[in-house]
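J.: Letter by letter, the chains look like this.
Number of protein chains: 2
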Amino acid sequence: MKNRIERIFEKEDEDIDAIVILNSTKPHVDLTFYYITGLIQGEFEGSGVIAYPDGKAEIMTSRLEEESAKKADMPVHTISKTDEREEWLNEKLDDLNKIGVNSSELTYSAYKKIRGSTDAEIVDVSDSIAETRNIKDEEEIERLSEACRIASKVAEEMTDFIKPGLKEYQVAAEISYRMKKLGATADAFDTISSSGPNSAEPHYTSGNRVIQEGDFIVLDFGALYKRYRSDITRTYIIGEASDKQRRMYETVLKAQEAALDMIKPGVEGSKIHEVAQEVIDSTEFEGYFTHGLGHSIGLAIHDGSGLSPNVDVVLQPGMVYTVEPGIYIPEFGGVRIEDDIVVTEKGCDILTDANKDLTVLG
Amino acid sequence: MKNRIERIFEKEDEDIDAIVILNSTKPHVDLTFYYITGLIQGEFEGSGVIAYPDGKAEIMTSRLEEESAKKADMPVHTISKTDEREEWLNEKLDDLNKIGVNSSELTYSAYKKIRGSTDAEIVDVSDSIAETRNIKDEEEIERLSEACRIASKVAEEMTDFIKPGLKEYQVAAEISYRMKKLGATADAFDTISSSGPNSAEPHYTSGNRVIQEGDFIVLDFGALYKRYRSDITRTYIIGEASDKQRRMYETVLKAQEAALDMIKPGVEGSKIHEVAQEVIDSTEFEGYFTHGLGHSIGLAIHDGSGLSPNVDVVLQPGMVYTVEPGIYIPEFGGVRIEDDIVVTEKGCDILTDANKDLTVLG
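Going down the list, the protein sequences come from chains E and S.
Numbered per the numbering used here, the first sequence finishes at 362, counting up by one with no gaps.
Numbered per the numbering used here, the second sequence finishes at 362, counting up by one with no gaps.
Excised from the complex, chain E in its bound form (with noise of 0.2 Å):
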């Protein structure tokens, strides 16, 4: 299999002599620079890399990161100080005709770095670059696979831990910890520890309230794992289940599996989701589903692509999503189920084992 350099190049129809990826501040670091070089541990803040198309590519980064730097397999230009990246940038550049920038992830100041080095014609390759990262190679597999393990095994821990009585927050510390005891480097996003009326808001983190008989608690969290990112979503009873609150969860569920039976390749990602949202839209809870199914996961929690009415993809082999319906009604609360899926040559592979049968607790 060609490289992922290659792979990018090979999508631009253009002569492109160099792409050149320049990280600025955190959190403004463009993830291309960690897909290319294929580095795990280091900050990078102000490095950058230039990739040709033969596959090869050069590292620039401070004396700080260069230990680091050198755990990728491939040369490493060291700086000491900010204007030695001007100096490496117009040396770089001078003298190629046409270069690519990755405009979604480059800020504009880094961009006019890039400009003021060099006459050649700047190109925008970030369509290139996400189509390639969109498509995971093994490595990345393997990695987010295991990222995805780390938040299955504590998302079944936890039907033992929550109880009436704890804090959304206590709950949300408790699934951060078990998390990096298997091996997790972070959170992957910020734990959604919602309960009761808040389960309702699905963009809510976590807070103060206690969770109490009868609330929903829905648990979106994934772990960072060698710089790959799962997402999983479970939503559990406390004490005592009434029937509405059965009927939104087995809704969800539904709409959920009538979505992944049908993700295969060849299959657009728009007719995913509206396959999971006529599901819902078929019952008493018809409108309550606000958001987009599912978005892909990789170096970055939203990758590039999902499965919503807005996005234009047509599945293949290697793709690796989040299908992820839900229910909100305001006040009342909230259901959402989440598993992370890859597509395969027939059809996908779930990667997020937790069990998801309608659960009671406490």
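Among the hints, erroneous ones may be present.
Identical copies look the same in the list; a pair holds intra-copy or inter-copy alike.
Quick list of in silico lysine to aspartate or glutamate cross-link-like pairs, EDC-like style, CA-CA up to 20 Å [what the hints assert, rightly or not]:
#1 K271 x E84
#2 K71 x E201
#3 K167 x E86
#4 K2 x D15
#5 K226 x D190
#6 K346 x E286
Bear in mind the hints are in silico, worked out from the structure with no lab data behind them.
Go by the hints and put chain S onto chain E.
T.: Relative to chain E, chain S alone:
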């Protein structure tokens, strides 16, 4: 006191009609969005804010974030499709003559969207934004103080927790857990828990190494609290301290004290670095202090300024910096002591009050 928006405009000589902040996908969200809106919760991918010289502003965000956005004291325009984002930009920017953008946190792709929506001249106001953000107001200092309080308390608690036999990552997980229990939303950055020879790598995070007698252990971590970030480092010795370890520790502490003594309005940031550097370079550890003395903290962990040779800044009341000298001896180990300070009218207040006497554990 003028509001944050007015203070940014005041720094610009030019007659700017509006400043546009446009967020991309995570992690490429401009932290200035939070600075201007004051919002604490919400994801705000793809959202934006337009600010005017009179101190008013308007938010544009997706329906999903509407409830979160309404917590800001300004109008909220919601969109449900991506093309409505461009319509909003067109409508708001069409008649203007001069627009400011924050090049250091705006992606090149978002810049192109702004560029395409108006014939106005676009100027880079990132320096004015950075200078304004570098002087924290009362609310910001309160949040930073609380973030520092959480980190300091956990630093002191860890002296009871750390024992030979524990692995580095177990210590990192415990730190994160305890900070969350004290009210942190998340780690301010990936915790460094480095032991033995690993402590000689300033940017190592944590791994599987077992903590042993004779080790240095460097703990460098911080709390995210209401979007503000603290950053503390404490170094402990395990079992028994050798003479060389004691000399290293005392030298770093002296360098930090010399730096702290100098901090007051009117002093150049680079001079403070120099003083710490001179303390270290006048000992047997000459040449082993290999990074800048400190960086500003705030919404970002490296918030745009620094106390280091390459940064041109004169201290003013309200600036908040880390002060973190270190000595790193390859193969042997490293010592770093870091506190966060706010510049006051006459000197500085130290926001991280954890004990820093040489401490031997286990």
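J.: None of the hints should be skipped; say for each whether it holds.
T.: How the hints compare with the structure:
no.: 1; hint: K271 x E84; in the structure: neither (50 Å within a copy, 22 Å between copies)
no.: 2; hint: K71 x E201; in the structure: between (43 Å within a copy, 14 Å between copies)
no.: 3; hint: K167 x E86; in the structure: neither (51 Å within a copy, 41 Å between copies)
no.: 4; hint: K2 x D15; in the structure: within (18 Å within a copy, 52 Å between copies)
no.: 5; hint: K226 x D190; in the structure: both (18 Å within a copy, 13 Å between copies)
no.: 6; hint: K346 x E286; in the structure: neither (32 Å within a copy, 63 Å between copies)
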